[in-house]
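J.: Take a look at the letters that make up each chain.
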Amino acid sequence: MISLALRGLAKSFAGTTALAGIDLTIAPGELVTLLGPSGCGKSTLLRLIAGLDIPDQGAILIDGRDISDLDVPERNVGLVFQRYALFPHMTVRRNIGFGLRVRGTPAAETERRVSDMLDIVQLGDLGERFAHQLSGGQMQRVALARTLVTRPRLLMLDEPFAALDADLRRQMRSFVRDLQQKMGLSTIFVTHDQAEAMEISDRIAVMQSGRILQCDTPEMIYHQPVSAEVARMTGEANLVTGRVVSLGDAVGLDLGFDPVPLPRRGLAAGTQVLTLIRPEAIAIAPADPGDGHGVIQSSAFMGQSVRYSIAVGPNVFLVDDVSTRRLAPGQWVSLRVSPDHVCVFPPQASQP
Amino acid sequence: MPSPSWRHRAFAQWRPALGLLPLGVVIIVLFGGALLLALLQSLGFAPWLGVNSFPDLTYFTTLWSGASFWWSLWFTLYYSLAATAIALVLAILLALCLVQAFPGRAVFGSLSRLPLVVPYAVGIALAVIMMGNGGVLSRLAATLGWIDDPAQFPRLLNTHAGLGVIAVYVWKQLPFMALSIHAVLISAGREQAEAAAVLGATRHQIFRAITWPQIVPGIVSSTLICFAFNMGAFEAPFILGGGFPDTLPVLAWRYFTDADYALQLQGMAVVVSIGLVAGLLIALYLALYRGYEHRLGRV
Numbered sequence: 001m002i003s004l005a006l007r008g009l010a011k012s013f014a015g016t017t018a019l020a021g022i023d024l025t026i027a028p029g030e031l032v033t034l035l036g037p038s039g040c041g042k043s044t045l046l047r048l049i050a051g052l053d054i055p056d057q058g059a060i061l062i063d064g065r066d067i068s069d070l071d072v073p074e075r076n077v078g079l080v081f082q083r084y085a086l087f088p089h090m091t092v093r094r095n096i097g098f099g100l101r102v103r104g105t106p107a108a109e110t111e112r113r114v115s116d117m118l119d120i121v122q123l124g125d126l127g128e129r130f131a132h133q134l135s136g137g138q139m140q141r142v143a144l145a146r147t148l149v150t151r152p153r154l155l156m157l158d159e160p161f162a163a164l165d166a167d168l169r170r171q172m173r174s175f176v177r178d179l180q181q182k183m184g185l186s187t188i189f190v191t192h193d194q195a196e197a198m199e200i201s202d203r204i205a206v207m208q209s210g211r212i213l214q215c216d217t218p219e220m221i222y223h224q225p226v227s228a229e230v231a232r233m234t235g236e237a238n239l240v241t242g243r244v245v246s247l248g249d250a251v252g253l254d255l256g257f258d259p260v261p262l263p264r265r266g267l268a269a270g271t272q273v274l275t276l277i278r279p280e281a282i283a284i285a286p287a288d289p290g291d292g293h294g295v296i297q298s299s300a301f302m303g304q305s306v307r308y309s310i311a312v313g314p315n316v317f318l319v320d321d322v323s324t325r326r327l328a329p330g331q332w333v334s335l336r337v338s339p340d341h342v343c344v345f346p347p348q349a350s351q352p
Numbered sequence: 001m002p003s004p005s006w007r008h009r010a011f012a013q014w015r016p017a018l019g020l021l022p023l024g025v026v027i028i029v030l031f032g033g034a035l036l037l038a039l040l041q042s043l044g045f046a047p048w049l050g051v052n053s054f055p056d057l058t059y060f061t062t063l064w065s066g067a068s069f070w071w072s073l074w075f076t077l078y079y080s081l082a083a084t085a086i087a088l089v090l091a092i093l094l095a096l097c098l099v100q101a102f103p104g105r106a107v108f109g110s111l112s113r114l115p116l117v118v119p120y121a122v123g124i125a126l127a128v129i130m131m132g133n134g135g136v137l138s139r140l141a142a143t144l145g146w147i148d149d150p151a152q153f154p155r156l157l158n159t160h161a162g163l164g165v166i167a168v169y170v171w172k173q174l175p176f177m178a179l180s181i182h183a184v185l186i187s188a189g190r191e192q193a194e195a196a197a198v199l200g201a202t203r204h205q206i207f208r209a210i211t212w213p214q215i216v217p218g219i220v221s222s223t224l225i226c227f228a229f230n231m232g233a234f235e236a237p238f239i240l241g242g243g244f245p246d247t248l249p250v251l252a253w254r255y256f257t258d259a260d261y262a263l264q265l266q267g268m269a270v271v272v273s274i275g276l277v278a279g280l281l282i283a284l285y286l287a288l289y290r291g292y293e294h295r296l297g298r299v
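Listed in order, the protein sequences are those of chains E and X.
The numbering used here puts the first residue of the first sequence at 1, with every later residue one more than the last.
The numbering used here puts the first residue of the second sequence at 1, with every later residue one more than the last.
Please keep in mind that the hints were generated in silico from the structure rather than gathered at the bench.
Among the clues, some could well be false.
Stated by the list, open to error - Short derived list, chain X residues pointing at chain E, Cβ under 8 Å: (1) Ala-195; (2) Leu-199; (3) Thr-202; (4) Asp-260; (5) Ala-262; (6) Leu-263; (7) Gln-264.
Stated by the list, open to error - Not close to chain E: a few residues of chain X, all C-beta gaps over 10 Å, as computed: (8) Phe-69; (9) Leu-73; (10) Ile-129; (11) Gly-200; (12) Thr-257.
A virtual CB, placed ideally from N, CA and C, is assigned to each residue, including glycine.
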């Protein structure tokens, strides 16, 4: 198991900044996900670590040693490409054994390790097939096996499940996570799917425009994002402006319903602040016309919950209600939020 | 009675083939017809020339029994294969170069493709200007003091070494081959080579294990076209070649332009011989290629 440290990594392409000073540390055996929209620099970061592109500035340290000057084959890092990049003219066995063969591993050992890896990725009987004879999930496993068989110091997966259907994605996520934990591999996982990132990661680095906006545990990223951008990128978010009100010795937040006591001190009454409340954190109850806090504008059945759009004064709240009832648009409702589920952004970050 | 929908389906099925009919007729009549006539003439059927001894193998036995024919065949194969091989090596290097990013790549690429639009005759003239005794190279060598006088410059043209012939073929065909290989490389993308590099492969290993199998289809198609052309071309060997014994196409041309019209049948035997040799070699080449593709699991 190795640690990885990126120090001020920057890269531009023809004057366009792809990465603007990335600092990131990955602990041994940790899985860190780079989460962000297309073009935010996630794949570029992987390519710099792999040596496929050269950084303009910064250093890449593996176990404290700068590998920035090493050629690609000397880095011994594994990269699974988004479209697998399997060699179409080789069988599954030869694909998986490629990295061992080019490193001069004896043939008998290569065969043994390839067979072991085929068993691990549960493709034992498909060794003689060619890539075009495999399904998407099987190709994904071959790509993973081909990388893992060389025992890379660091595993990098570039949106590896993007081409798979939803069911297969779920299977492969859990398969990859189990394998990564069993092998204790330090791993960087790239995705733009926040649910995937939440499920698979020890930590998530949320990226935008070549920068890491926040790097933290999935729980902290989801419940305590540092900015509205991070909140938006990590799930459905009610980003509403509320007014700080005095509640005796404490302060609370007026969002158009009963003031929510604020866990955070240091806010003066009367201050306008941007607030995040996730849709599932709001409880609703039917109310008589005029007695409730807001009116249901629309509803949509989501399977495990019903999503309501509720107008409360000037704000519109999304609310995920897990009860089996279905309230009709026009219904008055009262709203309640636990203070633990309210995230108030500091005034300087309160830019919706 | 067939239903209208059946007729409609049948028409829809055959419509693409019907669209190709005019082209098919041209190919069958012009190419197939000419081939048949050439074969018939080489076997002694040319009543319009007052000759009809069909079927008669005399023209072939006469041709093949002469030592000069085998020399001609050797020179034809040598020029064709050498030019194709040299152009191929240079084309691979050029195509690999053109997929890299470097300043001025677009200009370099355009310049390298220029010979594609220049006629062969111009290439032959350029070879005379550059490589002939008294040409640019000889004068340059004299200017640089390598030789005392341009006349001392080694003879490059009109020898059986065929340097001028090969140079013209390479000059003209290199960009064509490079274009075919470059197109294959572009469509294959960089990901497989990058994946191989990350797995630990050196540049040499990547070329051998990844790039070569990718570009083989482009190589086969372009080398086939160039080789077949070289086997049948007569202008360059006629002007830049070493004279008797000539290449087979030049030999055929001499028979066709002889005052004795009956020798046209002998010329046809030469043409058919060229077709046979080229056809056999191409069939062997394609068989080897098919075996290679089969081993790679692509067929």
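J.: Give a verdict on every hint.
T.: Results of checking the hints against the structure:
1. Ala-195: Hint on Ala-195(X): holds, closest Cβ of chain E at ~4 Å, below 8 Å.
2. Leu-199: Since chain E brings a Cβ to about 4 Å from Leu-199(X), closer than 8 Å, the hint holds.
3. Thr-202: holds, 6 Å
4. Asp-260: violated, 56 Å
5. Ala-262: Where the cut-off is 8 Å and the nearest Cβ of chain E is about 55 Å from Ala-262(X), the hint is violated.
6. Leu-263: violated, 51 Å
7. Gln-264: violated, 49 Å
8. Phe-69: Non-interface label stands for Phe-69(X): nearest chain E Cβ at 42 Å, farther than 10 Å.
9. Leu-73: For Leu-73(X), whose nearest Cβ neighbour in chain E is about 36 Å away, the distance exceeds 10 Å, so it holds.
10. Ile-129: holds, 42 Å
11. Gly-200: Violated, since 5 Å does not exceed 10 Å.
12. Thr-257: The claim stands: Thr-257(X) keeps its Cβ more than 10 Å from every Cβ of chain E (closest is about 50 Å).
Hints 4, 5, 6, 7 and 11 from the list above are not met by this structure, while the remaining hints are.
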